[in-house]
Amino acid sequence: MNVKDILQETFAAISVNKARSGLTILGIVIGIGSVIAMISIGQGAQNSIESSIESIGSNLILIMPGAQRGTGIQVSAGRGSAQTLTQADAEGIQQNISLIKAVAPETSRRYQITAKGNNTNTQVVGTVADYLQVRNVQIDTGSFISEQNVRSLSKVVVLGPTVRDDLFGEGVNPIGQTIRINKVDFKVIGVTTSKGGTGFGSQDDIVFVPLSTAQRFLAGDDYLTTISVEAADKNSMSTVQQQITDLLLQKHNISNSQLADFQILNQQDIVQTASTVMNTMTILLASIAGISLIVGGIGIMNMMLTTVTERTREIGLRKAIGAKRKDISRQFLAESIVLTFFGGFLGIFLGWFISFFIKQFAGVSTSLSLFSIILAFGVSAAIGIVFGYYPAKRAASLNPIEALRYE
Amino acid sequence: MIECKNITKVYKNGNTETIVLKGISFKINDGEFVAIMGPSGSGKSTLMHILGALDSPTKGEYFFNNKDVSSMTDNDLADIRRDKIGFVFQSYNLLPRTTVLRNVELPLMYAGVPAKEREERARASLISAGLSEDRWKHLSNQLSGGQMQRVAIARALVNNPSVILADEPTGNLDTKTGEIVLDTFQRLNKEYSRTIVLITHERYVAEHANRIIHILDGEIIEDEKNIKSRVVNYSE
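Note that the protein sequences, when read in sequence, are chains A and B.
The opening residue of the first sequence carries number 1 in the numbering used here; numbering runs sequentially from there.
The opening residue of the second sequence carries number 1001 in the numbering used here; numbering runs sequentially from there.
Quick caveat, the hints were computed from the structure, so don't treat them as lab data.
Dumping the calculated BS3-like pairs for lysine-lysine here, alpha-carbon to alpha-carbon at most 25 Å:
no. : chain 1 : residue 1 : chain 2 : residue 2
1   : A       : K18       : B       : K1137
2   : A       : K234      : A       : K101
3   : A       : K4        : B       : K1137
4   : A       : K155      : A       : K116
5   : B       : K1084     : B       : K1005
6   : B       : K1116     : A       : K4
7   : A       : K326      : B       : K1084
Predicted, not measured: the structure shown is a model, and the values here were computed from it.
Could you build all of it, start to finish, from the sequences and the hints given here?
Below is the structure:
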């Protein structure tokens, strides 16, 4: 019995009861389709998070203040509220560490901003000219804060696109207008290009002012909330991170690195952490979808068992005219594999359609990978074998005499 | 050539043993047309299963072309059935919703005969079985009982077996179509020298053979040889 014969027999058998075969296939279609859709949603989310992390800069190292950890009872304050980083630290990094391209100290806090009766509450970042390069900020119109602005404590502001839209309306050129931050007037000198991202992670709902101005007129102190450092290249990142740690420990007179009053985040670590989280999410989504795949597989098994019972006499006859056990089991196994393969094939289209639909109408980015398609095909074939094995074995082990007598 | 030596078959059902065949011995030569006759429960079906290599005897030896079949494995038995034996059943056992030709080709598929040769041989055996050609492309369930049984005979012939075993082949047919089927067997026996073993409970049917082995309660009670077989007279 060659492959062609087996396939012919299989298609003949499947087409005998089209409705039943169709419904059984539908179970697999839904299972495979949802697995593919879920993986594509998960991977899409992962890609968009990774790209939004990349958009905050390249080879970025972030230094943030943290309360000095000591022994005994500690009162934990929120991160960023601790006041341990100063301008001197930023300058120290700039002067002492060689493998860096630029350093951008910043102090940021949320303030109420008003302009012509419109008002919004947003993140106000006081920083220096290098911020543009370090954090990969693009200017849409006007200019960014200059070194001159910082030196002369200019009351100038660069708006993020969301803030511009909130205060002046979309498409309006706000350059030269005046806005009020915490009762201090600032002149708008530029608008940044949109970076995308939504909610709390938005890089667009933000305004920039000179660091010195922010410290003097808004915060009233000299502390920094973040120092962003751009390393020379990817390979030097961990070296730079170590050097900065050593330098700051020395400057802050802390001998034990466990008790550091600051925290250093490496962009690669952030990307890695986010990837790990998203991978877990993807696996979770796929596992939930996988349950429907298992249910589909049970449907296949159910149908195959019914078929074996229905065709008992036929099996008896086939055995009587010389079919061996392996001929019978191959035939039934082929039937279930063809069913699941067919279901898997359609399921890939369904999954592709769902992910396309979600991308188009729900605005969630999705990513359909070859890997998930191969996985789906493999899984559907495996389901055909696993759930078809028992019915096939049952068919093959029927006693021909009893099978021929079966009513 | 078929030779049974002291064939015994015992079925165990829990603690009760039923002895179905009690030491049966006989010999069937090539080219014979033999009827095995007995009432229901006499053990004739069990005997046919053993002759057809579907079952093995509990005790005794069964030689098929001088080969001992009684101790063969499942797979070897399947080979014997595939290459040496053609079955005709009371209830035809054709594959439903399948064409006549494909039904006849089925044994050749398991024998690994190439598709082209299969069709040629199926056509030849349909001609031998006397089914008119306009029916060959029909689905098996569109045929009458007599036609179905002739398809079954063609299927039994297609692998060119040493022996054809027919189990009550006329049981589901009316007298006239039964006659046609029995005539087909007679013709196959006379013209093609086929060895045929026919199992029946009807004297009338058995008389179409040249030899009648009577069995009762698992034993041979009479072996009528060289009987003048009843000639079928019908007009088609």
